[in-house]
Structure formats: C-alpha cells, structure tokens
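Colleague: What follows is each chain in one-letter form.
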Amino acid sequence: MRRVPWVALSVLALALGIRLAAFLAPLSNLMPGCAFKRLTGFACVTCGLTRSVLALGQGQWYEAIYWYPAMAFLLVLAPLAALWDVRRAWRGDAYLPLPTSRAVRFGVWILLGGIWALQVMRGI
Amino acid sequence: MPIPFSASLRASLRALVRPSRAFADAPPPLGRALGRMLAVWVPLALANAGLTVWRALQAYGQLRQSGPPRWLERLSGADPEALWELFRTLPAPPAFDRVWPWLLLVVPIGLLGTWIHHAVWDHTGLWLLGGLKQKHGFRTTLVAEAEALRIAALGTLVGLVGFVPGLGALLTLPLILLDGYLWLFRGFALAARHGCEPWKGVAATAVHAVLLGTCALGLTAMMLMLVRVAP
Chain A
1 MRRVPWVALS
11 VLALALGIRL
21 AAFLAPLSNL
31 MPGCAFKRLT
41 GFACVTCGLT
51 RSVLALGQGQ
61 WYEAIYWYPA
71 MAFLLVLAPL
81 AALWDVRRAW
91 RGDAYLPLPT
101 SRAVRFGVWI
111 LLGGIWALQV
121 MRGI
Chain B
1 MPIPFSASLR
11 ASLRALVRPS
21 RAFADAPPPL
31 GRALGRMLAV
41 WVPLALANAG
51 LTVWRALQAY
61 GQLRQSGPPR
71 WLERLSGADP
81 EALWELFRTL
91 PAPPAFDRVW
101 PWLLLVVPIG
111 LLGTWIHHAV
121 WDHTGLWLLG
131 GLKQKHGFRT
141 TLVAEAEALR
151 IAALGTLVGL
161 VGFVPGLGAL
171 LTLPLILLDG
181 YLWLFRGFAL
191 AARHGCEPWK
201 GVAATAVHAV
211 LLGTCALGLT
221 AMMLMLVRVA
231 P
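Sequence lines, in order, name chains A and B.
Going by the working numbering, the letters in the first sequence line up with residues 1 to 124, in that order.
Going by the working numbering, the letters in the second sequence line up with residues 1 to 231, in that order.
Looking at chain A on its own, in the form it has when it is part of the complex (with noise of 0.2 Å):
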C-alpha cells in the first residue's frame, strides 16, 4: 500500500472534479445562493467556494481567488503535495504524521477563522 500515491490520486480526482464543474457554470446565475447567508446576513465559511471553483474549471484563476483567496493556497500546495507524493510512493516510504505542535494546529484554526472573517468583511 505504501507504492500507491494516494495524495496523488486525490489531487488528481479533484482537478478531473473542478474541470468538469466548470460545465456547471452557465447554470450559475441560476443558483439560489447560500442558505446561511440568506439566513444570518452573513457570509458562511465555505462562501464564495462554489463560484471560485466554476471559475477555476474554466481557468479563470484570478477569479477563482478573488472569490475565495484561500484557493491560492490550494493552488500551490495541491501540485507540491502530488510531487512529494508520487516520489514518496516511488521510494516506497511511509506517510509522515501530521505535526503534533500545537502552534501549527493553532495556525489552521486562525487560518479558518481568518478566511470566514475575510469572506464576511468582504461581503462576499
């Protein structure tokens, strides 16, 4: 199992996914809208991620990260990660544990919290 770049795999999975989304995006005006928003007024935390992925299927990528700026994050660690991956797999290497230090943990829950917080000042 260690020979199988399963990160790879996803990452794959995920573009094939975005590309064919991007089919979707005539329909898009015709979306609803986000029942949270509708709701409280505010945006939720995943606002403004449908759109950034319409508009990456169709390789608007400056779109794509004004809709949602994290997806700049996505954009350049989702390649990095597949190349470590496959060179992992080649080397037939275990997966490393995620890291235990909290200050990284702490780091992803700012980072969430600052996307949302980011996403509601800016209306989106």
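Calculated directly from the structure, the hints in this document are not laboratory data.
Just so you know, not all the hints are guaranteed correct.
As the list claims (entries may be wrong) - According to the in silico footprint, chain B covers these stretches of chain A (three or more CB under 8 Å from chain B):
(1) 74-81
(2) 92-98
Stated by the list, open to error - Reference excerpt, derived from the structure (chain B facing chain A, CB under 7 Å, subset only):
(3) L128
(4) G180
(5) Y181
Said to hold, decoys possible - So the derived label-pair ranges between C-beta atoms look like this:
(6) L14(A) with L184(B): 36 to 44 Å
(7) G33(A) with Y181(B): 28 to 36 Å
(8) P93(B) with A35(A): 28 to 36 Å
(9) Y66(A) with P101(B): 43 to 51 Å
(10) T89(B) with S28(A): 18 to 26 Å
(11) S28(A) with W71(B): 23 to 31 Å
(12) L39(A) with I176(B): 12 to 20 Å
(13) T52(B) with L14(A): 22 to 30 Å
Remember, predicted model here, so these are calculated numbers, not experimental data.
Backbone N, C-alpha and C fix where the C-beta goes; we use that ideal spot for every residue, glycine too.
Assemble chain B onto chain A, guided by the hints.
Modeller: Just chain B, lined up with the frame of chain A:
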C-alpha cells in the same frame, strides 16, 4: 429458536446506549473491521436504496402526470407555465427492474466512499483538536470508523421503518435526531482507538459537520438550481 444476528444486534444496541464502553476491546485488524462493516451495512443500505429508488420512481411518475405541486412553484420561483411545460416534457421513468442491478454496484462503492470520507475529515478534525497521538496514524482512524459505522448501520435498519405508509412523516424528527446521534457516535470510536478524551473524538465529528455542512447546503442548492431551470 434463537433469532439470527440477535447477539450482534444486542451488542450493537449496548454499544449505542453506552458508547464510552463500546470500544474497550483490542481493535481488530483493518481488513476484518472493514469486512464486518460491509457485511452488516451493505444489505441494509441495499434495502434502503432499493426502497428509496422505488418510491422516487413512483413519485416521479406521479409528478409527470399531475404537474408541479404549488410549493414547488413557490420555492423555485420559476414561471408556473414554464414549469408545467417542463413537467410535460419530462421523459418517462425507467422501470425499477432496469435500475436495481445498478444499485448492486453503486451502493457498495458509495459505502466505501462514505467510510473513507468520514475517516479523512474526522482524522483532520481530531488533529485540529489535538487528539492524535504520534503512534496512531490514519490506519487507526480507518479501523475506528469501520467499527463505528458497523454499529451505526443500525440507524439504516431503523430508517427502513420510515418506509411503512403513514409512519414516515411521524418518524421524521426521531430519525433526524437518531442520525445526529449516530454522527457523533463515531467520535467515541475515534477517541477510544486514538487514546484521547471522548469529548475530543465527538468534537472532531462536530468539526467535520461544521466544515462540511455548508458544502451539503451547496449540494442542496445545486439540486434546487436544477429545479429552477426551465426551457
């Protein structure tokens, strides 16, 4: 005469009532945990999917005949005439005989996908809450999820009662509450197998729900969007 699977059923019920003691034994190997989960869950999920599809085909056929209900006209916001025209041009539903063989393929794949999906997101949630230990990796989460989902399949069994005419509407709220509990129940398996406090396991499933809840709303929105499309 003993009732088949009664011992297993009793053990599952005991686990659901006392989740903090349910995973005290040594964990099984991954293959055995997965096999046991599929052995219990696949037949129940097949029955559930078969009944759901059968009901859906019936409802679809009736909709084609009677046109859109008023609530759908209001909800979709589409022009009623256009909606009527859309319903008139809908293709006839396929016969159930032609659909069910596909379920034999789709349901097991769907269950495996659900298992991996829960494992990935619960593992991430547990990591975010500091519940992961160095010596326990993703494989431990896969085992814990398989064990928990085998027991939680009891919910699918209870859900079949909702197909009894007249009971479905009555059981809606209790079944939603049961679903909610079964969602959190996975957290006890996670906590036991990773050796962390139960609240962290349960909270990991809650983090998973919060992070993905909005995506589920997105899916609902996509379905509504399809309803709103008129020629």
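Colleague: 23 to 31 Å was suggested as the range; check whether the CB atoms of S28(A) and W71(B) agree with it.
Modeller: Taking Cβ atoms as reference, S28(A) and W71(B) lie about 25 Å apart, which means the hint holds.
Colleague: Establish whether the coverage given for the stretch 74-81 of chain A by chain B is satisfied; the threshold is a Cβ-Cβ distance below 8 Å, and no fewer than three residues must meet it.
Modeller: violated (count 0)
Colleague: State, for the Cβ atoms of L39(A) and I176(B), whether the hinted interval 12 to 20 Å holds or is violated.
Modeller: Given range 12 to 20 Å: holds, Cβ gap about 18 Å.
Colleague: Identify whether the interface hint at L128(B) stands, where standing means a beta carbon of chain A within less than 7 Å of its own.
Modeller: Holds. Min distance 6 Å.
Colleague: Quick check on a hinted range of 36 to 44 Å for L14(A) and L184(B), using CB atoms only.
Modeller: For L184(B) against L14(A), whose Cβ atoms are near 28 Å apart, the range 36 to 44 Å is violated.
Colleague: Confirm or reject the claim that T89(B) and S28(A) have a C-beta distance inside 18 to 26 Å.
Modeller: For T89(B) and S28(A) the Cβ distance comes to about 24 Å; the hint holds.
Colleague: Holds or violated: 28 to 36 Å for the Cβ distance of P93(B) and A35(A)?
Modeller: 29 Å, holds
Colleague: Could you see if the CB distance from Y66(A) to P101(B) stays within 43 to 51 Å?
Modeller: 46 Å, holds
Colleague: At least three residues with a C-beta closer than 8 Å to a C-beta of chain B: is that true for the stretch 92-98 of chain A?
Modeller: holds (count 3)
Colleague: Okay, G33(A) versus Y181(B) on CB: inside 28 to 36 Å?
Modeller: 31 Å, holds
Colleague: So, as I understand it, the hint says Y181(B) touches chain A; can you test that by seeing if any CB pair is closer than 7 Å?
Modeller: 23 Å, violated
Colleague: Does G180(B) pass the interface hint, meaning its C-beta sits closer than 7 Å to a C-beta of chain A?
Modeller: Violated: closest Cβ of chain A sits about 18 Å from G180(B), beyond 7 Å.
Going down the numbered hints, you'll see the structure goes against 1, 4, 5 and 6, while the others check out.
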